Amino acid sequence: MHSLAINDVVMEYERPRTHERVLAIDHLSLTIENSSFVSVVGPSGCGKSTLLFIIDGLVRPTVGSVTIDGRQITSPGRDRAMVFQEASLFPWYTTLRNCAYGLECQGVSRKDAETRSRPLLEMVGLAGFEHHYPHELSIGMQQRANLARALAVDPDVLLMDEPFAALDAQTRELMQAELLGIWAHAKKTVVFITHQIDEAIYLSDRVIVMSARPGRIIDDIPVELERPRSLDIKRTPSFTALEERIWHRLASEVKHGGEMERADRGVASAP
Amino acid sequence: MTDTTKPPGAPPYRVAASVWQSIPHPSERLIYGLVGIVAVLAVWEAVSQTEVVKSVLISRPTAIITAAIQEFSTGAIWPNLQATLSVWALGFTLAAILGIGIGLLSGIFRTFRYIADPWLNAINVAPDLAFVPILILWFGIGLKFKIVLVLLTGTFYVAINTLAGVRSAEGRFLQVAESLGASQIRVLRTVVLPGSVPYVMTGLRQGAARSIIAVIVAEFVSSNQGIGFMISVAGSFLDTATVMFGIALLAILGFLVSEILGRIEHRFDAWRPQLP
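So the sequences go chain by chain: A and B. The numbering of the first sequence is our numbering, which starts it at 1 and goes up by one. The numbering of the second sequence is our numbering, which starts it at 1 and goes up by one.
The following block holds chain A by itself, in its conformation from the complex (with noise of 0.2 Å):
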């Protein structure tokens, strides 16, 4: 079986100003299987965004190794790409051209390189907006050319860091729905990081519970809810039961390491 492996990572750094060593990884090992869904949910600065830089080959860890299908990653690669927070289009390139970038950047041609990014624009509905700049896009549009951008290069792990953070709250709920659908064709392993408990399993088929930093992993959650999932399913008892799973497993660790949001419904207010 191919997968993904996070082999015991430790990732360590410096404080630019102060020089403190800061442990933000701490001996995290993780196996994801080809073409699942996996959320990792954790409070704020737990590392969670660290440890997607890392499978992307960005940051290389301080210690461990991640493997794709027994390879070492060492830099980012095609086989991977990153659907990144908000406002990560290139303001002086269209929408098109941004979509097209990585295969440009594979020595397609420009032209192929367009053409080829056409339908992938109109799968995650921007057809007719390709030659809008980005502040001309709202910013749940800018998300979906931020998706487009990445499935262009047909990468066989999507990695996703917190990509509807910004979006208020139905734009997040459409977006999820169309993240499903678009991910049933697709049949990529995705590593969604998010802070929302609901979205996280409304996605995955797995959910990874990170502690306050240093980061660890402190719950592996199946969720064996059936496929395909529609929006009313985050009313269904066993999905309320997994919230609040999650929800207890996070309660402690956010009081020393930040603030979690909570799921807007079907689990009783925090104080």
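No lab work stands behind these hints: they were computed from the structure. Here the structure is a predicted model, which is why all the values come from computation and not from measurement. Virtual Cβ for every residue (Gly too), placed ideally from N, Cα, C. Hints may be right or wrong, so weigh each one.
A few chain A residues facing chain B, derived, Cβ under 7 Å [claimed, not checked]:
#, residue
1, Leu58
2, Pro76
3, Ser88
4, Trp92
5, Tyr101
6, His131
7, Tyr133
Simulated pairs of lysine to any residue, SDA-like, Cα-Cα distance not exceeding 25 Å [unchecked claim]:
#, chain 1, residue 1, chain 2, residue 2
8, B, Lys54, B, Val40
9, A, Lys111, B, Arg267
10, A, Lys111, B, Lys54
11, A, Lys111, B, Ile185
12, A, Lys111, B, Leu174
13, A, Lys188, B, Glu178
14, A, Lys111, B, Gln184
15, A, Lys111, B, Val40
16, A, Lys188, B, Gln175
17, A, Lys188, A, Thr115
18, B, Lys144, B, His25
19, A, Lys111, B, Ala209
20, A, Lys111, B, Val187
21, A, Lys111, B, Arg272
22, B, Lys144, B, Lys54
23, A, Lys111, B, Phe268
24, A, Lys111, B, Thr190
25, A, Lys111, B, Pro194
26, A, Lys111, B, Gly254
27, A, Lys111, A, Val63
Let chain A serve as the given structure and place chain B on it in line with the hints.
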């Protein structure tokens, strides 16, 4: 959408609640601008006509216009204008190339920046016109001297702004490019350079305006042609009208240059959100 909902009976969206929020009429700016100019000119003319202040010292608008008409109708202005503009164009083109080059190199290569930084700072704090005597010593009083003075003045503004532009490349964009596998050259071409265009243009505008001053000063000091020469000669003959005409001409020149560069800038940054 959600943001269009408005409570019933709410006041119209734009309300002039105070002087800080009042909405100007579209032509307000133009009208008041013209009124201001006409008023100043009228007072000037009156003060000069009545000799409250000696008119030979301050000239008067009508006399300046007469001088302008004479300069243009006799064609006396053209060789001077041509001399000034050609020195400026040649000098500033070289300054722009040199400035962008130094700016890019120091922005991209840390070592180069560390070497160039003290010199750029030194040239920044030293008034460039103080170099005039030594430049004359080195280059004589011909074209070479003028070009070097323009270079000295203009290069600096272009260089530091270009450097700032390159250094402003945002980490998140660099990460995106790296994540998608862009080569260093591609990162430079597709991320660093587009992001620095607004900075470079600011540098060019500042440098262009400063360079004109440098040309005029050079012509004051040593020349037998040019607007600066014309002003300096007219001044020594107490021909204040021609001096004022020369100054007005330079102001118009500066305005035109800034306007043209503004247009060019606009071509490069269609992607930026335009302010109303």
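Can you name, in rising order, the numbers of the hints this structure does not satisfy?
Hints 6, 10, 15, 18, 19, 22, 26 and 27 contradicted; others consistent.
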